[in-house]
Amino acid sequence: MTIALDAPYAVDPRVAIRPEAFGALCYHYGNRRLTFLKSRDMVRVVQALAEHATAADALRACGIAEATWPRYADALASLQASEVIRER
Amino acid sequence: MSASGLVGGLKRGLDAPICLTWELTYACNLQCVHCLSSSGVRDPRELTTAEAKALIDELERMQVFYINIGGGEPMVRRDFFELIAYAIDHHVGVKFSTNGTFIDRAAARRLASMDYLDVQISIDGIDAPTNDAVRGQGSYAAARRAMDHLQNAGFGPFKISIVVTRHNVDQLDDFKALANSYGAQLRVTRLRPSGRGAESWHVLHPTADQQRQVYRWLLANGEDVLTGDSFFHLNALGEPLPGLNMCGAGRVVCLIDPIGEVYACPFVLHDQFRAGSVRDNGGFASVWRESELFVSLREPQSAGACASCGSYDACQGGCMAAKFFVGLPLDGPDPECVHGHGEELLASVDAARRPSAGPGHTKPVTLLRARPTAVTR
Amino acid sequence: MDDVTDVADLHTDRDAGEEMLEEDLVEEISIDGMCGVY
Chain A
0 MTIALDAPYA
10 VDPRVAIRPE
20 AFGALCYHYG
30 NRRLTFLKSR
40 DMVRVVQALA
50 EHATAADALR
60 ACGIAEATWP
70 RYADALASLQ
80 ASEVIRER
Chain B
0 MSASGLVGGL
10 KRGLDAPICL
20 TWELTYACNL
30 QCVHCLSSSG
40 VRDPRELTTA
50 EAKALIDELE
60 RMQVFYINIG
70 GGEPMVRRDF
80 FELIAYAIDH
90 HVGVKFSTNG
100 TFIDRAAARR
110 LASMDYLDVQ
120 ISIDGIDAPT
130 NDAVRGQGSY
140 AAARRAMDHL
150 QNAGFGPFKI
160 SIVVTRHNVD
170 QLDDFKALAN
180 SYGAQLRVTR
190 LRPSGRGAES
200 WHVLHPTADQ
210 QRQVYRWLLA
220 NGEDVLTGDS
230 FFHLNALGEP
240 LPGLNMCGAG
250 RVVCLIDPIG
260 EVYACPFVLH
270 DQFRAGSVRD
280 NGGFASVWRE
290 SELFVSLREP
300 QSAGACASCG
310 SYDACQGGCM
320 AAKFFVGLPL
330 DGPDPECVHG
340 HGEELLASVD
350 AARRPSAGPG
360 HTKPVTLLRA
370 RPTAVTR
Chain C
0 MDDVTDVADL
10 HTDRDAGEEM
20 LEEDLVEEIS
30 IDGMCGVY
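Chains as they are written, first to last, in numbering that gives the first Met the number 0: chain A, 0 to 87; chain B, 0 to 376; chain C, 0 to 37.
These aren't lab readings, by the way, just hints derived from the structure by calculation.
Each hint should be verified, as a subset may be incorrect.
As the list claims (entries may be wrong) - Label pairs and their computed distance ranges (CB to CB):
no., chain 1, residue 1, chain 2, residue 2, range
1, B, GLY303, A, ALA3, 24 to 30 Å
2, B, GLU81, A, ASP56, 31 to 37 Å
3, C, GLU27, B, ARG278, 33 to 39 Å
4, B, PHE80, A, PRO12, 22 to 28 Å
As the list claims (entries may be wrong) - Where chain B lies over chain A, by a calculated footprint (3+ residues, C-beta under 8 Å):
no., region
5, 22-32
6, 55-67
7, 80-86
Idealized CB from N, CA, C, for every residue including glycine.
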């Protein structure tokens, strides 16, 4: 499962993100699903999505090493599948 | 996908609880034999509407995503609809559990019109004889009426929750069919010797063979059925059941009782597991984050007597409430330990020294009735 | 709340040899009415 990094995304407005010690909890009020973002970097990336023209731009802006982008792409894909983020 | 890192993190505690249970009232129109909160009579010190709203405001600030509302019977409170609407308006979703008596056609329509609201109806038998032996005469009919009203009002999927007992283990398939017939989701949950449950646990809890039956059934049906992770003690039998399989008390969950007391979980309404009060100076947030009890629960727990058992990693020593109320030490086997270690130990427990939470809010007339005996069928 | 900057700083149940970097960045958790009540 993967995601197009050259597209714009945003967090679904029905999702609340609550920082925790090692990442954040995302709760989707609509589908009641609970997702853990397991690193601070991942949290920053997710929060940066709406402010950038593409997911790749958001990754770059957050200083994420390109070599690790595939892991982030996988993670973003699963967030899209659970409706935490969506293309905008 | 390994969940060990995540589970490890959850065991150390979260900034705010995930499944916060809030019992709105000790008043109840039923007197279920196994009531975990020994409900019946309203406590005069109950949180006022204003206090309840202030608590909801605090939960909103803490970003608690949703609350699990129960009791007693929460719908008995006159401000029930006012409070759940307030919660929803303040970004706190509501999931509430009810015996269904007060879900008439109008209430069902009202509930159906609300969003971010889940409803759960409690029932403990697939027919009136089985159910009413535990929950009281007429309770089965009331629950079924509530389900019908919710369905007719177009509420959508609600939940049906059963507590597994010696007398309904053989009805699991029937419960699944009942839930399917309503397009509802089934929850099966573990009986603990908590509240009034302490009196009836010895005759109501599933036998060792029945526990294995439940385990097998859950393995076969676990995908669609909710358990609230309440059967993780059965993981010592083999392949782990779906779920996080950890005790969340004081780490992921806690309970706020009708008078604002904060306990580690709904099954330990006892001084030993009382963390503080929402009426304390720092409110709920400081109890959740800083109370001695919760801080200690977030320390690594000792396996104690279970350390030498190969199953400890799977079963985590079981449920602390189950151990506590039958008088077993917390750092040892669960009374329903699948290897029988708990049962052995139980034989040497002095029943007179078992912790008791007292009659709680049980209606006095109930206390005068004969103790429940095994149901004859 | 702990002021932890990276999940690698936390002790976990993991084997010593396990590579933290290989773990998924996202995990959906099914915390369904934990403790089986609601």
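Evaluated hints:
About 52 Å separates the C-beta atoms of B:GLY303 and A:ALA3, a value inconsistent with the hinted range of 24 to 30 Å. Checked against the hint of 31 to 37 Å, the pair B:GLU81 and A:ASP56 fails, with Cβ atoms roughly 47 Å apart. For the pair C:GLU27 and B:ARG278, the supplied restraint of 33 to 39 Å holds, since their beta-carbon distance comes to about 36 Å. The hinted range of 22 to 28 Å is satisfied by B:PHE80 and A:PRO12, whose Cβ atoms lie roughly 26 Å apart.
With a threshold of 8 Å between beta carbons, the proposed coverage of the region 22-32 of chain A by chain B holds, since 4 of its residues qualify and at least three are required. Check on the region 55-67 of chain A: 0 of its residues sit with their Cβ under 8 Å from a Cβ of chain B, so the three-residue criterion for coverage is violated. Given a C-beta distance limit of less than 8 Å, the hint that chain B covers the region 80-86 of chain A is violated, as 0 residues qualify and 3 are needed.
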